[in-house]
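J.: Respectively, the protein sequence lines represent chains A and B.
Going by this note's numbering, the first residue of the first sequence is number 44, and it counts up by one from there.
Going by this note's numbering, the first residue of the second sequence is number 111, and it counts up by one from there.
Honestly, the hints are just simulated from the structure, not real lab data.
Computed from a predicted model, the values in this text were never measured in an experiment.
Cβ atoms here follow ideal geometry from the backbone N, Cα and C, with glycine treated the same way.
Warning: the hint list may mix true and false statements.
Part of the chain B face toward chain A, derived, beta carbon under 10 Å [stated by the list, open to error]: (1) Thr158; (2) Leu162; (3) Glu166; (4) Gly168; (5) Lys200; (6) Ile201; (7) Leu202; (8) Ser204; (9) Ile205; (10) Pro209; (11) Ser218.
The calculated BS3-like cross-link candidates involving lysine-lysine, where the alpha carbons are at most 30 Å apart (straight line), are [claimed, not checked]: (12) Lys190/B with Lys83/A; (13) Lys115/B with Lys97/A; (14) Lys83/A with Lys200/B; (15) Lys199/B with Lys97/A; (16) Lys199/B with Lys71/A; (17) Lys97/A with Lys190/B; (18) Lys221/B with Lys235/B; (19) Lys64/A with Lys199/B; (20) Lys199/B with Lys50/A; (21) Lys163/B with Lys97/A; (22) Lys50/A with Lys200/B; (23) Lys71/A with Lys163/B; (24) Lys163/B with Lys123/A; (25) Lys115/B with Lys199/B; (26) Lys50/A with Lys190/B; (27) Lys50/A with Lys163/B; (28) Lys71/A with Lys115/B; (29) Lys200/B with Lys139/B; (30) Lys163/B with Lys64/A; (31) Lys83/A with Lys221/B; (32) Lys64/A with Lys235/B; (33) Lys115/B with Lys235/B; (34) Lys242/A with Lys123/A; (35) Lys190/B with Lys163/B; (36) Lys221/B with Lys97/A; (37) Lys123/A with Lys71/A; (38) Lys236/A with Lys235/B; (39) Lys235/B with Lys97/A; (40) Lys235/B with Lys71/A.
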Amino acid sequence: MIVARQKPIEEIVEMTQAFHKLLVVGCKGCVTVCNVGGAKEVAILASALRISGKRNGREVVVGEHTLERQCDPEYVDELKDILEDYEAVVSIACGVGPQFIAERYPAVRVFPGVNTQFMGGAEEHGIWSERCAGCGTCVVHYFGGVCPIARCSKSLLNGPCGGSNNGKCEISNDVDCIWDIIVTRMMEQGRLKELIEFKPPKSWATARDGGPRRMIREELVE
Amino acid sequence: MTDFKPQIIAFYCSNCASSAATIAEGMKKSLPENIRTVHVPCSGRIETLHLLKPFEEGVDGVYVAGCQEDSCQYISGISKAARRVEQVKKILESIGIEPERIDVFNLSAGKGDAFVDTALEMTEKLRALGPMNPA
Ligand code: SF4
Ligand code: SF4
Numbered sequence: 044m045i046v047a048r049q050k051p052i053e054e055i056v057e058m059t060q061a062f063h064k065l066l067v068v069g070c071k072g073c074v075t076v077c078n079v080g081g082a083k084e085v086a087i088l089a090s091a092l093r094i095s096g097k098r099n100g101r102e103v104v105v106g107e108h109t110l111e112r113q114c115d116p117e118y119v120d121e122l123k124d125i126l127e128d129y130e131a132v133v134s135i136a137c138g139v140g141p142q143f144i145a146e147r148y149p150a151v152r153v154f155p156g157v158n159t160q161f162m163g164g165a166e167e168h169g170i171w172s173e174r175c176a177g178c179g180t181c182v183v184h185y186f187g188g189v190c191p192i193a194r195c196s197k198s199l200l201n202g203p204c205g206g207s208n209n210g211k212c213e214i215s216n217d218v219d220c221i222w223d224i225i226v227t228r229m230m231e232q233g234r235l236k237e238l239i240e241f242k243p244p245k246s247w248a249t250a251r252d253g254g255p256r257r258m259i260r261e262e263l264v265e
Numbered sequence: 111m112t113d114f115k116p117q118i119i120a121f122y123c124s125n126c127a128s129s130a131a132t133i134a135e136g137m138k139k140s141l142p143e144n145i146r147t148v149h150v151p152c153s154g155r156i157e158t159l160h161l162l163k164p165f166e167e168g169v170d171g172v173y174v175a176g177c178q179e180d181s182c183q184y185i186s187g188i189s190k191a192a193r194r195v196e197q198v199k200k201i202l203e204s205i206g207i208e209p210e211r212i213d214v215f216n217l218s219a220g221k222g223d224a225f226v227d228t229a230l231e232m233t234e235k236l237r238a239l240g241p242m243n244p245a
């Protein structure tokens, strides 16, 4: 999933203060799963904005709506009638959400209510970590099912570097050296020698380095 | 400001706080009239939003009265409630509101005195803070 973190509420209050009718829009996708942008969080943020308005003697109307997904135009369309009653939107989906809303409704001001962090998963309830950097050509099978691009601080494909220290990365003792984990796993699988086999350099043309990406699936396009 | 009567919503766990209330009644002690109570089967059921809504309606303070940490019959009810109160404190603080306007208390079923004292303590604290919203 895409993991996000709520923006400090004071920041949201500040960026929206010129507006008196706000619609907080959530998303039932990734951000619901990471407890930051679903219907529950929409209600909490909307309530906090109302409380803040009242306290500061400002009239603010704050509406609440949660879409199935904000990254699909057919769901974003659902806002058409609702938006007539509002001046601005606070989207608490990942960064895709506010952009899709702004694109579909160019006359409406749209603010991001969360800071999108990474593609990852839940280690346990309340703890998430990064797993994929979207390089466009997955190679985790070479590395015991572990992604060194997303999980090595230097994205090394031929680690570990000299900073690996007792299983920890040189940037912090709180960060595992993923190459320590990769080597251990390859040893456990009896595949250590595969790590020294020659592989041609990875092409980064499919990653962000090749410019903004777009994908067309001819069989799906109508 | 001396005649300011803070309006307070108190969430009570039916297992301990409500029994404490019955005992307090027996002792002819009752809650001050500025406190409105909401009884819940377990304080763990109280969500962050439940704690925020009264502030949205303009009350001056909110508190949760639940069991002692080790006597919640649903194991973790009161510690869940305490975590949510903490979250609401952070939210209030982030919008420039005194976090002391919300609190959590651990009561025991047998303690009628503590039940009323909690209410008085909260009332005094809020009286010192003054009204939540401009008149
Ligand atoms: S808008 Fe973002 S958070 Fe919502 S489903 Fe799409 S990718 Fe996930
Ligand atoms: S190799 Fe590329 S696609 Fe695969 S997990 Fe790593 S960053 Fe993601």
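J.: Would you mind confirming whether the straight-line C-alpha gap from Lys83/A to Lys221/B stays at or under 30 Å?
T.: violated, 36 Å
J.: If you draw a straight line from the CA of Lys50/A to the CA of Lys200/B, is it 30 Å or shorter?
T.: Roughly 13 Å separates the two Cα atoms, so the pair holds.
J.: Going straight from one Cα to the other, do Lys199/B and Lys97/A come out at no more than 30 Å?
T.: Status holds; Cα separation ~17 Å.
J.: Compare the distance between the alpha carbons of Lys235/B and Lys71/A with 30 Å, and conclude whether the hinted pair is satisfied.
T.: violated, 40 Å
J.: Is Lys199/B close enough to Lys50/A, meaning Cα to Cα at most 30 Å?
T.: Between Lys199/B and Lys50/A the Cα gap is close to 16 Å, so the pair holds against 30 Å.
J.: Do the alpha carbons of Lys190/B and Lys83/A lie within 30 Å of each other, as the hint requires?
T.: Distance ~17 Å between Lys190/B and Lys83/A Cα, so the pair holds.
J.: Lys200/B and Lys139/B: Cα distance at most 30 Å?
T.: Violated, because 34 Å separates the two Cα atoms, which is more than 30 Å.
J.: Given the hint that Lys123/A pairs with Lys71/A, does the C-alpha gap stay at or below 30 Å?
T.: With a Cα-Cα distance of about 18 Å, the restraint between Lys123/A and Lys71/A holds, given a limit of 30 Å.
J.: Is it true that the CA of Lys190/B sits at most 30 Å from the CA of Lys163/B?
T.: holds, 18 Å
J.: Let's test the interface hint: is any C-beta of chain A closer than 10 Å to that of Ser204/B?
T.: This interface hint holds because 4 Å falls under the 10 Å limit.
J.: Need the status of pair Lys83/A, Lys200/B: alpha-carbon distance at most 30 Å?
T.: Since the Cα atoms of Lys83/A and Lys200/B sit roughly 17 Å apart, the hinted pair holds (cutoff 30 Å).
J.: Is the interface hint for Lys200/B satisfied, with its Cβ closer than 10 Å to some Cβ of chain A?
T.: holds, 9 Å
Hint compliance for this structure: hints 10, 11, 28, 29, 31, 32, 34, 36, 38, 40 are broken, all remaining hints hold.
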